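Peer 1: Full structure from sequences and hints, please.
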Amino acid sequence: MLGIRLHSAGLLLLALTCFSDGAGVESIDVYKPIAKISPARSTGMTEDSFGYSVAVHRLFESPGNMTLEEILDQTLIMVGAPRGAYPGGLSTADVPPSNLSCHVFGITSNDDAQSLACLSHNNPDGMNNKTGLVYQCSLSSENCTASLGDGDAREPDGLLFDRIGNVDIHVPGLSDDFKDIFFAQNKNGQQMGATVYSEEGFFVACAPLWEFTDLPTTANSQPRGQCVYSGRNLTNFLRMNPCFRSGSGNNQNGEGFCEAGFSVGVTTSLNSAPEFETGPILMASAPGRDTSTGGVYYYNPLGTVTETTTITAKNKPTRELHLYTNNTAIPLDNSLLGQLPRVNASNGQVSGTNNLPINVPDDDFSYFGFALSSGYLTSQSVKDVVASAPKYNKTTQVGRVYIVTSATEIPTLFLDGEQFGEQFGYSVAVTDLNGDGWDDILVGAPIYIDPNRQHIESGRVAIYRNEGTGTGSFAYTGSIYGQGDGGRFGIAIATLGDINNDGYNDFAVGAPFEGDGVVYVYHGQNVNGSIVNTTVQQRINGTEVARQVTSLTSGVRSFGFSLTGTTDIDQNGYRDLVVGAFESQTVFVLRSIPVAVTDISFTANVTRVALGIFNCTFNGVIYNTCFQVTINSSYTGIQIPSGFSTYYELSEVIAAGTRSRLFFDNTLRSSIRRPIYLTQPNQIFTENIIVYVKNTTNFNDFYLRVGLEQIPRDSSPVDTDVPITSSFSQIPVIQFQYFEQEIPVVRDCGPDGVCISDLIANAPIANIRYTSEGGDPYNNVSIGLVDRVTLNVSVRNQGEDSYNPFLVISFPREYLSLVQTIETGACNDTTPDSPNATYICPNIFPDILRQDASIQTDVSFDVRNTLIGNETSLPVEIKVNNTYDSFSREDTTDNNEVDRSLDVFAISIYSTEIQWPLREVDYTNTGSSFSNNVASTLGRELNITASVRVLDGAQIRSGQLTIYIPATVSELGNNYYFYPAKVANVSGNVNCDTSVLNPRGFTLDSGQMGSRRRSINSGSQKEHSTLRKRQTTTGIACTSTDTTDCIALVCSFSSLVRGNDNVRVMVTGYLDDRFYDGKTATYNLTTFARVNVTDGFTITSVDSTTDASSIISLLGPTEGTASSGIPWYIIVAPILAAIVFFIIVVVLLYFLGFFRRKKHGKAEITGDEEFEQFAPNPFGAGGGGGGGGAPSAPPKDEEKS
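For reference, each letter of the sequence shown is one residue, going -22 to -1, 1 to 1179 in mature numbering (1 follows the signal peptide of the UniProt record, and there is no 0).
Careful, some of the hints might be misleading.
[Claimed, not checked] Cβ pair distances, simulated, as ranges:
| no. | residue 1 | residue 2 | range |
| --- | --- | --- | --- |
| 1 | Asn121 | Thr614 | 36 to 44 Å |
| 2 | Lys372 | Tyr454 | 23 to 31 Å |
| 3 | Pro653 | Pro813 | 57 to 65 Å |
| 4 | Asp1020 | Pro1112 | 43 to 51 Å |
No lab work stands behind these hints: they were computed from the structure. Every value quoted in this text rests on a predicted model; they were computed, and no experiment measured them. Note that beta-carbon positions come from the ideal geometry of N, C-alpha and C, so glycine has one too.
Peer 2: Structure representation (structure tokens):
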């Protein structure tokens, strides 16, 4: 069975659950509801679920010249009560004894007493068969009835709503005992009325749990479901049994659990099969068939066919059991012909036994067909079908809604849900929400959990806009969400047409378990791709609606579980809303009120108000001035031919913290309320109002607002039924927006009221302040040093008063940012996408800058770190102007603007370093080895490392690093103190002229040279000169004043910026053993580095280190010194100290008796004993270094005592 809506007790329920208090045009009348109450309540039956489903059915096709009373008399509210049982509140005198809705085993006569006992639903001797009822509730009376027909269960007109009990048949061919009763069908708990539907002249009522027993092959009875349908007059009803076929699969994997009639609908012709070329087409879903894969069956009831389903009795071919599914050629309203489906199932097959839906997506337990609708989705002439599968698929269960364009092909267009188990597709609705001629789709997901508000099972309705391409392309535009835990928002959706008269269709959404139930109303729109105004337009609270009905003392529950809004019941041009509340057995008809779309505005007789004239008198008192406004209003609307009257209010809009400056007919009030009568559509109402200005020093502009009031409605309670007659009040609800307008204010500007100001702006260059983050002053924008620039701006008005002057500040956005301070107030960036920023600052000046008045303010900019040094200046433009040229205009003198150019200087602070690897190092005198100018043993390897780093300020775009290397003097000939061989490593954007290196052109055999090299960190390097006996010192010193005997290595670099980036050059060379052979002196070598900035505009700061030097001492061997170079007394002293310490320890141990021998007592030895001696283990067993417990070796023999 379906697990989504089927209650364990058999009721079609989701195991789940206005007064207007929302915003918007509340056009649904909640004060005068029409309430229909289940007749069963009068008998004490409180569980018939009256209101579980609702529909509005008209017995006429077009109202024509019918009166309202005639229309209402032929408009029925059809209400399903799927747990209802006969008599359902009717008198038993109205029930023929042969029409039993229950039966008692063993009844052999039609005794009236037994019949009446059987009819009593609480009879302990009978079975209380709750077959379900469908009520028709008249709008012209209080009654809801469920008539029986003529009593013949096998005649079509006896099947009205299928309220007859089980068909109990004695089949002689199967048993000769008359008491053997066989049930060809079971209606106990079939839930007739779980679905009711009316459209296109059809009425359909379904019992999804109707059971059929496939006699005589099996006695297994399973819920295949059935429906009955009729035309407008409800005079003849025919059965519709999509899954009722002898021999078809009768288990869950076949047709046994079809639960047909779960949803029904009507669509136009489908072009995919010739049988469907004419419509309308009746649809019935079977979401439980084929392991709950589901299906949708299509019926074209305009054809005719004669057919009777026949089951042959076992071994008795001459005896037959006839199950009448229909009687042939029975006219429906003399226009439609009833029949078995000409196309039984959606695959277009006319005959055969395998008429199964083949356009069903193959997804078990997805419940395809759970909800149905249709609309103009891929065509504007032929409707498509919308079928939901709310548990698609077995893994994700996010739900899916299919757009079915063919009855013979599996649909490929679909919309998917987003949350596991949200029941996406529990309800679907199709309507044109944005007025483009294409229908849009609404999908309910009542179990949706809102993660943002942490609402559990609050529900949502997803909104999909038809792109209008004709290909079935839809855009998800968002969702509207439930407001409370467990409210099940989206369990029902009803389209309402255009109930607010704005040109876009609207809809209602039920949240039946939010409190006692709430219905929300939303309006369609077409705003930047949005098709729904997601603001709640009306919130209809079921509890408040029920309070308006005097006879509903027990309140209401599950208000909004079922909805329909397809019909304009009272013929006022607006569709009405019917709401079911099955838990309280009530249904409410809420009528839509006509909407008057009004327009109201005003015009003033002046373009600006000149103050200080004092030319108006009110009640004998002279006031500042006055002016006149003219009110204009009109309306348009449907069914409001005779107009209406209400009130409008004209008022001054007063800023917070200020006093009113205007009055109308009373000096104590700043508003006026006047009646208005709009006689007919588009007729303009006008009225003049005088506005007086009080004596005031506030010269800000005036703001006036005008708006209409809603017409008060009668909110007094009503009885169960409110009679609707032709005299029913059509007082409209008013749809309008407030109209508000600014009226400029001027003062002392001559007869024309236009002030000619002369604003002069200035920002002296001498007053421009350049400061660092710490406040240190500079003379310009020094890159990397200056963080803020401040201009002192002064404005003077040498003309007439300037009203609402403002400052305009323009500057390069890439390098500067405006600092908004208390002085500047909030400034608005008017060009956010432009490289040149333009800010308007309206709050720097007073509202009125008087003649000869002046004001000063500071305008500050933060300097961005995007400056790199190639910018010569930054332009800043400051201009002052008036807000409204119409009443305060700048003169022709162009002196209200000042331009300043902020000079940019690139000052760089950098450091230069150069160093040898150590302060001192030994040289060897073993000589060098050459072969054909290949040096294999030139000498010890040393590196010189020089670097440049920008510490602060601007980048150095280009520069030179010169390294002076001490190499040779003239007396050395071809030998060198230090032979520079190559540039070993560089970093950064560096290029060195290495032609000066390896001056003798030696070929350096790196493999052989490596065998003689020693690490500069080895022990032979001398870091403590105090341990070396100094010899004669000489060498070369490369300095800033003397580079005579130095080799100059020039390295060019570029784009050196502050931070971790730096320039680094490592020069590798060798001590020339050819020179040091036999030498013992000490030689000092000084290397020197210098940096020059060559980019032409970067200035070197005085804080920079441009020169650097480093000295290394080369130490030779000295006689009398150990090879390690450590003096002899350094070695002897610790040896002598150790000897003395050892002697002291031995003496102490002697005096403590450590060396005395222990005496042993005598023992007789017979010679038979065996001895095993062990050395004592001071660590115990297994001690002493981990011997694992093994005994130690025996000691040497001891002297016996």
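Peer 1: Hints first: check each against the structure and report whether it holds.
Peer 2: Quick rundown of the hints versus the structure:
no.	hint	verdict
1	Asn121 / Thr614: 36 to 44 Å	holds, 40 Å
2	Lys372 / Tyr454: 23 to 31 Å	holds, 24 Å
3	Pro653 / Pro813: 57 to 65 Å	holds, 58 Å
4	Asp1020 / Pro1112: 43 to 51 Å	holds, 47 Å
The structure agrees with every numbered hint stated previously.
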